[in-house]
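Engineer: Top to bottom, those sequences are chains H and S.
The opening position of the first sequence corresponds to residue 1 in our numbering, with each subsequent residue numbered one higher.
The opening position of the second sequence corresponds to residue 1 in our numbering, with each subsequent residue numbered one higher.
For the record, the hints were derived by calculation from the structure and aren't laboratory data.
Keep in mind that a hint or two might mislead.
It does not matter which identical chain is meant; a pair holds if it fits inside one copy or across any two.
[To be verified] The calculated SDA-like cross-link candidates involving lysine to any residue, where the alpha carbons are at most 25 Å apart (straight line), are: (1) Lys148 - Thr33; (2) Lys257 - Glu234; (3) Lys148 - Pro288; (4) Lys257 - Asn242; (5) Lys86 - Ile312; (6) Lys257 - Asn241; (7) Lys257 - Glu338; (8) Lys148 - Ala262; (9) Lys257 - Arg274; (10) Lys148 - His243; (11) Lys22 - Pro291; (12) Lys22 - Lys93; (13) Lys150 - Tyr62; (14) Lys296 - Ser253; (15) Lys93 - Thr344; (16) Lys257 - His243; (17) Lys148 - Ile287; (18) Lys257 - Pro65; (19) Lys93 - Trp209; (20) Lys257 - Thr324; (21) Lys173 - Gln325; (22) Lys257 - Gly230.
Number of protein chains: 2
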Amino acid sequence: MPATLNRRFLLRERPVGDFDPKVLQRVVEPVPTPGPGEALVRNRYLSLDPTNRIWMGEGESYLPPVPLGEVMRGAAVGEVVASNSKKFPVGAKVAGLLGWQDYAVVSEAGDAMAQVIPGWLPVPLTATLGVLGVTGMTAYFGLFDIGKPKRGETVVVSAAAGAVGSIVGQLAKIHGCRVVGIAGSQDKCEWLTRELGFDVAINRRDANWREQLTAACPRGIDIDFENAGGEILEAILERMNNHGRIVLCGMISQYGKDQGNAPGPRHFVNLLTRRITLQGFIIIDYIPRFPLAQLKMLWWLKRGRLKDRSTIVKGLDNAPQALTQLFSGENVGKLMVEIDEAPTA
Amino acid sequence: MPATLNRRFLLRERPVGDFDPKVLQRVVEPVPTPGPGEALVRNRYLSLDPTNRIWMGEGESYLPPVPLGEVMRGAAVGEVVASNSKKFPVGAKVAGLLGWQDYAVVSEAGDAMAQVIPGWLPVPLTATLGVLGVTGMTAYFGLFDIGKPKRGETVVVSAAAGAVGSIVGQLAKIHGCRVVGIAGSQDKCEWLTRELGFDVAINRRDANWREQLTAACPRGIDIDFENAGGEILEAILERMNNHGRIVLCGMISQYGKDQGNAPGPRHFVNLLTRRITLQGFIIIDYIPRFPLAQLKMLWWLKRGRLKDRSTIVKGLDNAPQALTQLFSGENVGKLMVEIDEAPTA
């Protein structure tokens, strides 16, 4: 019987400007053998996230850059197929930074931030990457811990049809806020208002999107859940209320730019005169608090208050091209790759 | 006996770019008569503050712009010389937005934010504009409420020899922090380290001030008390630690610029990746909490833990020229005008 192999995407070079799939190099290697205290995970779904672009850059960030020639870092879920670890028994579902590959070795030392997913969780594995995973947790802690919404306040969400944004808007509606989304197409806007209950959704490709934003926020903006950066953040800064909160979750429009030299947003002085709190956050700081938040999200999910939508691309070999969807705005909801059968020798 | 007159400086036009004393017009008018529920205050000391430049601009801000042709807004202290108000009896010392003039009418309605200074307060009237006044309160609430310092953390203060900055640094030292000041001359730097106990003071006119800042903060920067903005804020953003706090108190380097179009600081993305909280604040939000903070400041002042220094310019007619000192960096500590005798008809 032929041996199964492990497809891996290595970071060949650092992208300059926008992400280009060519910076990733496909290699096929033997499946690794787990050592003492380690387990082998067969990856099933690979999460594609804007932060992947940050990790490819050479600049320092909240995690070290992916070293050139090593496997691309990525969140994924899979199941344990061989184990020398009681923490990760065979058959266990595991989520973590398992990488762009068919098989990952996880260790009890925790270097891949791997967590066992409770077997009784009554949701599909895809949800553990989406609404109950890092994506959902980012929406939850960003909105509630940093945004501190009050009933009746106006919340603006940029990249609103994306994985995080689409959940943020639903959570803000559950919380009794007025929710305005900014997205990249008319179809997305219709999905946000018709399916997810956003009060208003604005297509940022409309020439008059700024006027639409003004009209959508007659009492100004209290909370900005910022995923976009750039001119969208500038337009929001112009419309923020006194004592507003900006949850700086991402700036997808800026990731291809020279961060050291790119100027910050115009209207920065409004942060001072309007006593705005702007807080950057990275979800890895909240990992110890995930379980209770996941229970709440599960409750809303099961009651139909929260809708989980994914754009699933089939086949690991399609992952590099699929990642470009995030930056061109093609995906709706959580973008992930369903990993297909691994090749054999 | 000739009647006393009231010198007033009216805002004749809005400055373009840097403040120019010519935008203020001196007029001499009869002393006003207080109506029912009003009192007449003889101003004694006029506070000169960077925010005066903001109030002259036409742009919206945290207070409406000073209307053209009306008396320039300014904080001042004085004493009641005629009264139809129980709240403001004759002889009472009063602090508030009393304006650039010899005499101000204050009303119980509170439109000048006027407060009676307790008569038993064992400090000179100048201290009620400085360390116990809005200046000291700005330092106190900005550092403690927003900066949330912990013992041993590194605090950087820009415009450190200014009214607010010099107090912030002393409070941070009392709190057990490492304190690094950035100021505009060697003399100021020596005052900060020798007299006020700053650990390091850096002359921003030195060619290598950025390298000095790196050396002064071997464990990075935890708290930035920001008074300057511009390239100083950018250099600090480069050196901030994860979970740092930026107290956005002022941006004196930016006040002459076109705020709508001026870009924000470079390294803005660090706010995200380093999970920094940046909070703008305006001291008027804290007025209800002044009394207890003033008691604490008084305690430190009387024990010699806090030094109060002012640059006092004599003569109301010199106020417009004196205001330029703030922007050229000539003053040390609190800049104020000691109001001289009013002219008579």
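Engineer: It remains to establish, for every hint, whether it holds in the given structure.
Structural biologist: We went through each hint and held it up to the structure:
1. In this assembly of identical chains, the alpha carbons of Lys148 and Thr33 never lie at most 25 Å apart, being 46 Å within a copy and 49 Å across copies at closest.
2. Taking CA atoms no more than 25 Å apart as the test, Lys257 paired with Glu234 passes in both settings, with 17 Å inside one copy and 17 Å between copies.
3. In this assembly of identical chains, Lys148 and Pro288 lie within 25 Å of each other by CA distance both inside one copy and across copies; the values are 20 Å within and 23 Å between.
4. Taking CA atoms no more than 25 Å apart as the test, Lys257 paired with Asn242 passes between copies only; the shortest distance there is 22 Å, against 31 Å inside one copy.
5. Neither within a single protomer nor between protomers do Lys86 and Ile312 lie at most 25 Å apart by alpha-carbon distance, with minima of 32 Å and 74 Å respectively.
6. In the homo-oligomer, the alpha carbons of Lys257 and Asn241 lie at most 25 Å apart only across protomers (22 Å), although the nearest pairing inside one protomer, at 29 Å, exceeds that limit.
7. Taking the closest pair of Cα atoms, Lys257 and Glu338 never come within 25 Å of each other, the shortest separation being 30 Å inside a single copy and 52 Å across copies.
8. Taking the closest pair of Cα atoms, Lys148 and Ala262 never come within 25 Å of each other, the shortest separation being 30 Å inside a single copy and 30 Å across copies.
9. When the C-alpha separation of Lys257 and Arg274 is checked against a cutoff of 25 Å, the pair qualifies only between copies, where the shortest distance is 18 Å, while the shortest distance within a copy is 29 Å.
10. Proximity of Lys148 to His243 under the C-alpha cut-off of 25 Å is found in both arrangements, the shortest distances being 11 Å within a copy and 18 Å between copies.
11. In this homomeric assembly, Lys22 and Pro291 never come within 25 Å of each other (Cα to Cα): the closest approach is 38 Å inside a single copy and 64 Å across copies.
12. In this assembly of identical chains, the alpha carbons of Lys22 and Lys93 never lie at most 25 Å apart, being 31 Å within a copy and 74 Å across copies at closest.
13. In the homo-oligomer, the alpha carbons of Lys150 and Tyr62 lie at most 25 Å apart only across protomers (23 Å), although the nearest pairing inside one protomer, at 30 Å, exceeds that limit.
14. Taking the closest pair of Cα atoms, Lys296 and Ser253 never come within 25 Å of each other, the shortest separation being 31 Å inside a single copy and 47 Å across copies.
15. Taking the shortest Cα distances, Lys93 and Thr344 sit within 25 Å of each other inside one copy (24 Å), while across copies they are farther apart (89 Å).
16. Taking the shortest Cα distances, Lys257 and His243 sit within 25 Å of each other only across copies (24 Å), while inside one copy they are farther apart (30 Å).
17. Taking CA atoms no more than 25 Å apart as the test, Lys148 paired with Ile287 passes in both settings, with 19 Å inside one copy and 24 Å between copies.
18. For the homomeric pair Lys257 and Pro65, the shortest alpha-carbon distance inside one copy (16 Å) is at most 25 Å, but the shortest distance between copies (37 Å) is not.
19. Taking identical chains as interchangeable, the C-alpha atoms of Lys93 and Trp209 are never at most 25 Å apart, the minima being 44 Å within one chain and 53 Å between chains.
20. For the identical chains of this complex, Lys257 and Thr324 are intra-copy neighbours only, at 16 Å inside a copy versus 39 Å across copies, given an alpha-carbon limit of 25 Å.
21. For the homomeric pair Lys173 and Gln325, neither the shortest alpha-carbon distance inside one copy (27 Å) nor that between copies (51 Å) is at most 25 Å.
22. In this homomeric assembly, Lys257 and Gly230 come within 25 Å of each other (Cα to Cα) both inside a single copy, at 11 Å, and across copies, at 21 Å.
Checked against the numbered hints listed earlier, the structure breaks hints 1, 5, 7, 8, 11, 12, 14, 19, 21; every other hint is satisfied.
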